[in-house]
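Participant: Residue numbers (the working numbering), protein chains in the order written: chain A, 1 to 508; chain B, 1001 to 1242.
Take the hints with a grain of salt, since some may be wrong.
[As the list claims (entries may be wrong)] When the alpha-carbon atoms are kept at most 25 Å apart in a straight line, the in silico DMTMM-like pairs for lysine to aspartate or glutamate are as follows:
| no. | chain 1 | residue 1 | chain 2 | residue 2 |
| --- | --- | --- | --- | --- |
| 1 | B | Lys1067 | A | Asp407 |
| 2 | A | Lys304 | B | Glu1241 |
| 3 | B | Lys1230 | A | Asp390 |
| 4 | A | Lys451 | A | Asp405 |
| 5 | A | Lys123 | B | Glu1229 |
| 6 | A | Lys7 | A | Glu431 |
| 7 | B | Lys1026 | A | Asp129 |
| 8 | A | Lys304 | B | Glu1229 |
| 9 | B | Lys1238 | A | Glu285 |
[What the hints assert, rightly or not] Non-contacting residues of chain B with respect to chain A, defined by C-beta distances greater than 10 Å in every case (computed):
| no. | residue |
| --- | --- |
| 10 | Phe1003 |
| 11 | Leu1011 |
| 12 | Leu1020 |
| 13 | Ala1056 |
| 14 | Ile1095 |
| 15 | Ile1102 |
| 16 | Ile1110 |
| 17 | Tyr1111 |
| 18 | Tyr1135 |
| 19 | Leu1156 |
| 20 | Val1161 |
| 21 | Gly1175 |
| 22 | Pro1188 |
| 23 | Val1197 |
[What the hints assert, rightly or not] Reference listing, derived: stretches of chain A covered by chain B, where coverage requires no fewer than 3 residues with Cβ under 8 Å from a Cβ of chain B:
| no. | stretch |
| --- | --- |
| 24 | 14–26 |
| 25 | 100–111 |
| 26 | 122–130 |
| 27 | 151–159 |
| 28 | 372–380 |
What the hints contain is simulated information worked out from the structure, not anything from laboratory work.
Where is the CB? At the ideal position from N, CA and C, for every residue including glycine.
Read off the chains here:
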Amino acid sequence: MAKADFKVPELQQYAEIPAIEPGAMAHSSPFLSKPEFQEALGFPGDLEDNWQEKAIDKMGELLGKYRSLRVYLDSCVKCGSCTDKCHYYLGTRDPKNMPVGRQDLMRKVYRRYFTLAGKFFPKLVGASDFTREVLDDWYSYFHQCSQCRRCSVFCPYGIDTAEISMAAREIMDSIGVGQKYCNEIIAKVYKIGNNLGLPGPALEDTLEGLEEDVLDETGVEVKYPLDQEGADILVVTPSADFFAEPHVDGLIGYGKVFHEVGVSWTLSSYASEAANFGMFIGSYENMRRISQRIRKAALDLGVKRIVFGECGHAWRVAYSFLNTLAGPWDFLDPRYPVPQHIMEFTYNAIQEGKLRFDKSQNDDMVLTFHDSCNVARATRMGDKPGGQFDIPRAVIKAVCNNFYDMDEETIRERTFCCGGGGGLLTDDLMEIRVKGAKPRIEALNNVMQEKGVTHLAAICAICKSQFSKILPFYGMEMDQVVSVHQLVSNAIVLTGQETEDEEAGEAA
Amino acid sequence: MSFLTVLYAILFYFAAAVLLAGLTRKVVQYARAPAPLKIPTTPAPTNKTGVAFRMAREVVFFESLFKGNKWIWIFGWIFHFGLFLVTLRHLRYFIDPVWLPIRLVQPFGIYGGLAMVAGLAGLWARRFLVDRVRYITGISDHLILVLLILIGLSGLMMTFVAHVDIISVKLFFRGLMTLDLSPLPADPLLLLHLLLVATLMIVFPFSKLLHAPGLFFSPTRNQVDNPREKRHLAAWAKELEQ
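Work out the full structure, taking the sequences as your base and the hints as a guide.
Facilitator: The structure is reproduced here in structure tokens:
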């Protein structure tokens, strides 16, 4: 079991709503971004003297630019429906981690400066000046939100705390209070092309290594091309797929699927990152700048289609925003949606009978599936609403014999975030990550006890990294997390592949 | 004309003006603010008809609240549906002759009044009994509940305890509408009831009661899930493309 300098929550058989414990997580806040990284993103380096005035101006600007913010700050009636829905509240008991508690941190400032009631009767409506203490609370608690949108499912007005968190981070960035993790990563994307700072030659090395591994394992020459002009499909995938376990096993799977379907594809060293941390910090400009890299790569390489790898928040930016941020895509093949998810590609290939599987290759595992928050509640796959739930499950069931879902209350649109999304996947936030994972791990633990589940399949780089890291805190193994395309990779039978029977025959 | 009648006439003209102007200002503000990105909470409808149905389910049945919390849903829905019936019943004070459907709804309006107060009582109780809800409750949240409950109780008392001359009340409001004042009965219960209603009208555009127009403008509920098919671009975002 991993060591923790805080109390790891105990797992329970039945989820219970804890009593509030004000201030329980007030001490949690991430490292500040250094001036050089702030400036690379177009933000001031340090907190300036007139920060309060500037922050209020910025809030006013955002209120005019985002209907969501304007409507959501006015509409909350404090009914309480969201209060027990956030995984961070359930794991920490801190009432400022209740969605409405978090929103109110901004709402009280909004009311003070932008509403009549707050200007004249601040006490009555809970309005407050934007003081240093309030700013500290913002920095702490708006970095305890993974922008997973679970609260928005249960709000009678659809208030989405993610919209508030994003605006808060944008306001803080505009006065020089940025988060180190997100802002350093975005600066790295601008400089090198991906979140992990892997330069082109390193990617090339990795991909050659994968080709050798697959050849050794299957006897089939599967290609993992980089910057190949004229390929049909540009694949954009989270950079974790290039080296980390279990991510890379997923990438191996994508290559095998493309090989077997017989399409040409390529990765890009320029757009070697699917994730778009511009969303986490609520910056339309940065999100757009990162997205434009994909447009440029698609144009430079002359591809006809764009396919995204397994990544949650990335799929949100890709599915919901890419057309807005980097479209129109009129230079791509109009027969295919832009972009497509690798899950849609594989699912379609299965439907068309283009792939053969030996499901028994996954018989050493009993699987369950974690619906990644942003895939579940901010995107779709396929033609029908809910395809984002059904298509990954259909793919898993096509390649595995043993699959059980977790409790209905914790999957599909009600899924719990892994605890590490929205820019929190950093070691300086380990306590909130571990505690926030509790509701998901609890559901996983129950299905392990009841159905003998051994592995959790996921389709998001953040989920995979987060689970690998925090499962040991709960007494589980880090390798209990697998990529869905890792399962595909295990089971797929490539044309011309040496099967174990043949090998045995040759040996005899 | 008595001082009281003139005072209440002025009060209601003022309240109506504030309500109308305040709501218009807010609705214009909501309508003008663009939604630069597609953010429907998914699974979401893929066409406008689907969105209309989704919105209708939210407005009529409080679908999301039903998913969220059954207690709040039952109290909240009883209150709102009661209020709806009460409002229909009160239309008789403003139209002449009274339309048949409004005549038919009259007895249900009384049940509506009872339901409204019962629902409000349940919602208020939660603000004391549930620690999470107690934490998020501010003074204004209590005051609005008190206001609504007093409106309901004063109204019910005029039905069940001390009747007022409703013919004159109707003449007063018809008079307000035709700019031809007629006297308002000086019944304390009635005066209290009307004062509270005018207060509610004035408070409406400056309070959380804005959730009513807000819901219709909520991008997570009113957007079509079609970002890949149709490019969505706000005016201010378009400028970035120059």
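Participant: Which numbered hints does this structure break?
Facilitator: As far as the earlier hints go, 5 and 18 are violated by this structure, in ascending order.
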